[in-house]
Structures are given as structure tokens and as C-alpha cells.
Amino acid sequence: MSVNYPLVHATASAPLTPRLTFAQEVASFVRTKPLGAGGLLIILAMLFVALLAHTLAPYDPYLADYGVQFARPSGEHWFGTDEFGRDVLSRIMYGARIALFVGFTASFSGCSLGALLGVLSAYCGGTVDLLLERMMDILLAFPQLILALAVASILGPAVPNVVIAVTIPIIPRAARVVRATALSVKENQYVEAIRALGGAHPRVILQHILPNVMAPYIIMLTAQLGTAILAEAALSYLGLGAAEPTPSWGLMLSGSAPSYAEKAPWIGLFPGIAISLAVFGFSLFGDSLRDTLDPKLRGR
Amino acid sequence: MRTYLAKRLLLILPTLLGVAAVVFVIMRVIPGDVTLLILGGDQTGRIDPQQLAAMRHQLGLDQPIAVQFGTWLWGVLRFDFGTSLWTGQPVLQEVLLRLPLSLEVAILATVVSVVLAVPLGMLAAVRQDSWVDYVIRVVSIGGLAIPSFWVGILVILFLVIYFGWGPPLEFTPPWVDPWANFQQLVWPVLTVGYRYAAVTTRMTRSTVLEVLREDYIRTAWAKGLRERVVVIRHAMKNAMLPVITLVGTEFAFLIGGLVVTESVFTLNGVGRFVVDAVAHRDYPVVQALVFLIAFCFVIVNLLIDLTYAWFDPRIRYH
Chain U
-7 MSVNYPLVHA TASAPLTPRL TFAQEVASFV RTKPLGAGGL LIILAMLFVA LLAHTLAPYD
53 PYLADYGVQF ARPSGEHWFG TDEFGRDVLS RIMYGARIAL FVGFTASFSG CSLGALLGVL
113 SAYCGGTVDL LLERMMDILL AFPQLILALA VASILGPAVP NVVIAVTIPI IPRAARVVRA
173 TALSVKENQY VEAIRALGGA HPRVILQHIL PNVMAPYIIM LTAQLGTAIL AEAALSYLGL
233 GAAEPTPSWG LMLSGSAPSY AEKAPWIGLF PGIAISLAVF GFSLFGDSLR DTLDPKLRGR
Chain X
2 MRTYLAKRLL LILPTLLGVA AVVFVIMRVI PGDVTLLILG GDQTGRIDPQ QLAAMRHQLG
62 LDQPIAVQFG TWLWGVLRFD FGTSLWTGQP VLQEVLLRLP LSLEVAILAT VVSVVLAVPL
122 GMLAAVRQDS WVDYVIRVVS IGGLAIPSFW VGILVILFLV IYFGWGPPLE FTPPWVDPWA
182 NFQQLVWPVL TVGYRYAAVT TRMTRSTVLE VLREDYIRTA WAKGLRERVV VIRHAMKNAM
242 LPVITLVGTE FAFLIGGLVV TESVFTLNGV GRFVVDAVAH RDYPVVQALV FLIAFCFVIV
302 NLLIDLTYAW FDPRIRYH
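Protein sequence lines, in the order shown, are assigned to chains U and X. Counting with this note's numbering, you get residues -7 to 292 for the letters of the first sequence. Counting with this note's numbering, you get residues 2 to 319 for the letters of the second sequence.
Just to be clear, a hint being listed does not mean it is correct.
Below, in silico cross-link-like pairs of lysine to aspartate or glutamate (EDC-like), each with a Cα-Cα straight-line distance of 20 angstroms or less [what the hints assert, rightly or not]:
#	chain 1	residue 1	chain 2	residue 2
1	U	LYS255	U	GLU125
2	U	LYS25	X	ASP49
3	U	LYS25	X	ASP134
4	X	LYS8	U	ASP121
5	X	LYS238	X	GLU228
6	U	LYS25	X	ASP130
7	X	LYS8	U	GLU184
8	X	LYS238	X	ASP178
Treat the hints as calculated values from the structure; they're not laboratory data. None of the values given here were measured: they were computed from a predicted structure.
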């Protein structure tokens, strides 16, 4: 058996097109997908602000200053201040951390769990597939809000808990997509060959099936990033996510924003723009990435 | 076809049972007790334990959870969803009071989204990587990115400031006063419709793009058919399957999922009812609503699969 293994691992490659350097690839991405490049720019800017929030932010996001309540946007407070006199710009900058944290953790864990279940479901087939599929059906049919309400009442409204509520609905969606791809990957002759050579199931799944479902996984991951950020905002808006005084964008829109909207529209305006811009960036980038990664959509 | 239908209908049962069981357990695991809320006291310790026990016994909450679940299921089979612990009214009556509004918003928003999305998505696909495509994509991704509650707040502000409009206090059904009904629902419907138009446009664009690369489309071009015929007669029919799936699932979601929109526009719909019921720990109402939402979801999914066969004669169910 071991005699044949080197053959299995041997990779034959015939370079059809000259290999591009990373810089060239980025340049060609920007040229062919200007919208995607724009999205990437927004994401990078958001990452930059989130990482350096403590140096970039002009004020402490938690510091209430009752001397400057409802200050209009000015040179001192670019985005104005809220009803506690907290600087809106600083809160938005720190809010980027929460949005990115929830977005990345929820999307990554949801898609990874979903992908694993999807591959298992496709590979095992039979009863395992039927049971897993029914479980995914239940998760899909279960209203996300009830889940979020339950999580918030059991664990309390807080950022790490909202991740759970945002992650769970992502799992069945990722599982569906990955399962469909894994079903067709499974039928490939190289999988049959590995099995014939005595490759154990975990080995086949981890080394041969998982790498081949990476494209839908990555597409799902980027697509769910924006959705997760939006879900966190909506849950925090409903009081089921982050709790005061956490500078979460959704929370900033909830309590004070509508009630003071006529008096101080900037309190609600800027967090809304921040949410929209973030989700916009991730969706633009995700779309272009899908166009690039999905062989069915490549070229014309 | 008949066996397929029977099989699918049978598979619905475990899903619904699963959902019902999960919500049953969740509602009883979360802290807070409806009896405490009804009796008024909370952590003050002033409630008479005997009164509490009597109340729990009266509501049947002192029985083992499995027994409670069995009782509830037996009721559901007879279309008896129990009485609301909070208002004392039959749950079915309370739900039917709010369902027309939610259904109307869901139907109208779905219509708005499909009417906008399908032509725009096809146009974007046919003119891929042109400025038309870019504009449609930016507008549709905008619809995805802008939180609907934020749009709602902006719309209401705009209406209040410029037209002195106030959110209505009571829902007017279309058969009572169509004009008043229209005025009440036009903004929520447009807000929600734009968002779902965005989702559907993206789906239409990507499936049309895929179909346009198929061999039979190349044949159609090679035959010298006009673009309109190739795109509408040949490409559209095949591209619509995933779009139908999406529209159907979104519709099922819209019936119970518009909590945020309903609270922004102060509409008394199913979504807000769920949240209030969870807040009051009104077990029968939450169970009935989750069951209803899940039921809509699985039925819509079944209908989607059946339309597949109608749209694509190659698909035959066994």
C-alpha cells in the first residue's frame, strides 16, 4: 500500500499561463473588478480605524460630558455629541471594533461549523445525511429573533452573547451550500482512488474533500460577514445585543436617536451611515470575489 | 409525483415537531416566570407562595414538561392553541387579529421586490461590467447594506417634519378603507420591498450570468435570434428557478420576521407580537407563533419544490 502513496501525493502541473506576482494579481483585480476593489478599500479603512481606535479617536467613547450635550457637528466634535455629551465620532470608531469582531467571529464560526456538517452530510449520506438535513431544516425554520431573545434572557445582553445568536442561523445556510458542492466533489474519481488505496475516512474528508469546497466556503464567509454585522446592529437596536454604554452602532441608533431625531439628527445619522458603509464594503468585495472564484462566472 | 408529495409531507412532520420541541424547551429554560409577571411582584418576595403555586397549578405549569408538551400537541391537532396567559384570550383569535396585516405587508413587499428585481437583475447580467451593471449593483448592494430600521426612522422623520404625518394607531384592513390602508402601509412596504428587491436582484443577476454561458444559449445566438428572444425566452426560464426559491423563502420569512420594521412603523403585526409574548413569557402565544412561522416556512419550501417541476420539465419527482 505504502508503495503507491507517493503517486497519490504527486502533483502534476502544466503552467498554462505565466504565474502572476501578488502585486500583479491585485492590479488585475482592481482593473477588472473596480467595485470589488472599492469594497476592499472600505474594509481596509474600517480595519485601520478599528485597530487604531485608541489613538485615532479624539475622545473617550465612554466619557459623559454633560457640559456639551447635543453639541452640533463642529471642528471640536466632527460628528457632534449625544445626549450624554459623548463624542459620536469616537463612539463610531470604537464601534467598528464591535462590528468587525461580531462579523468575523460569527461568520467564521458559523460557516466553518456549517461547512463541516455539510461535508459530513454529503460524505456519509444515508441516515446521517437525512438526520443532519432535518436538523438544518429545524434551524432554518426557527425564527432567529426568538433565538436571540432566548440567548439574551439566559446569558444577558452582551457582545459575546450576540455572537451566538448571530452564528446559529448562519450554520444551516453554509451547510446547505457546502453540502451541494461536496456531493459533486465526492463523485470525483480521485476520491474513489483514495478510497480504493485504503485512505481512511477522516483523511479523505480533510485532505481531499475540504480543500475542494473552499470556494463556496469563502464566498459564503464573505457574504455572511455583512449579514452578521447587520444582524448585530438590528439585535442591539432591539436591545438584545450590546448593552449601554458599549459603543455598538445598532445600540447608538436605538434609544436616543429616534427620540432626539428632530433636535439632534446627527446622533442617529452617523451610526446608520457607518453600518451601511461597512455592510456595503463587505458585500461589494464578496460579490467580486465570488465572480472571481466561481469558475462558472469567470470570463465570457 | 404522488409518492414524492407524500414523502415530502411526511418529512414536514419531524421538522415541525423539532421546532415545536425546541421552542418549548427554550421558553421554559429562560429565566423569568409568567406567574410572577402576572401576579405583579418581582424579586420583592411579597408574593404569597400559596397563591403562586395555585396559579402555576391553574395554568398547568406544575406538570412535567413532557406532559405539558403532550397536552399542547394534542391541542394543536384540534386547532386549539390554548389561551394567552397574558390577555386570557384564545391564542388563535389573537394571532388572526394580527395576521392580515403581516400577510398584506409580506405579499405587497414581495410583489414590489419581484417587479423591481427581475428586470433589473437581468439587465445587469446582460450588460455585465458596464456602467448599467455597476449602477444596478451599487443600488442593490445599498439596499442590502442600509439597515431597514434606519431607513424607517429616516422615512418617518421626513414624513413627520414635512407632512406632519403621524404613525396610525390602528390597522385599517384594505376591505374597510383601501385608501387609508394604502397610506398606512406604503412606506413600510417600500422600505421592506427595496431591501428584498436588492437580495433578489443579486440572485437574478448571478443566475442569469450562469445561464448565459450555457451551450444552448450559444446555439440560440448562433441561430441568429434577437437578443430579446435569447434573454427572455431562452435564458430567463432557466434562470428563474433559484430566484423562485429565494423569493419563496424570503416571503415565508417576511410573515413573522418584520419585527424591526413593525416596531419602527408601529404596526401591530405578528413579528412584534412574538417579541412581546417572549417578554411576557406568554408560552402558548410564543409556541403558536413559532409553530405558525415554521409551518409557513416548510409549506412555502414544499411549494417551491413543486413549482420546480412545473418550470423545468426535466425535473420529475419520484
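Hint check:
1. U:LYS255 <-> U:GLU125: violated (52 angstroms)
2. U:LYS25 <-> X:ASP49: violated (69 angstroms)
3. U:LYS25 <-> X:ASP134: holds (12 angstroms)
4. X:LYS8 <-> U:ASP121: Judged against 20 angstroms, a Cα distance of about 16 angstroms means the pair holds.
5. X:LYS238 <-> X:GLU228: holds (15 angstroms)
6. U:LYS25 <-> X:ASP130: Judged against 20 angstroms, a Cα distance of about 8 angstroms means the pair holds.
7. X:LYS8 <-> U:GLU184: Violated, at roughly 31 angstroms.
8. X:LYS238 <-> X:ASP178: violated (38 angstroms)
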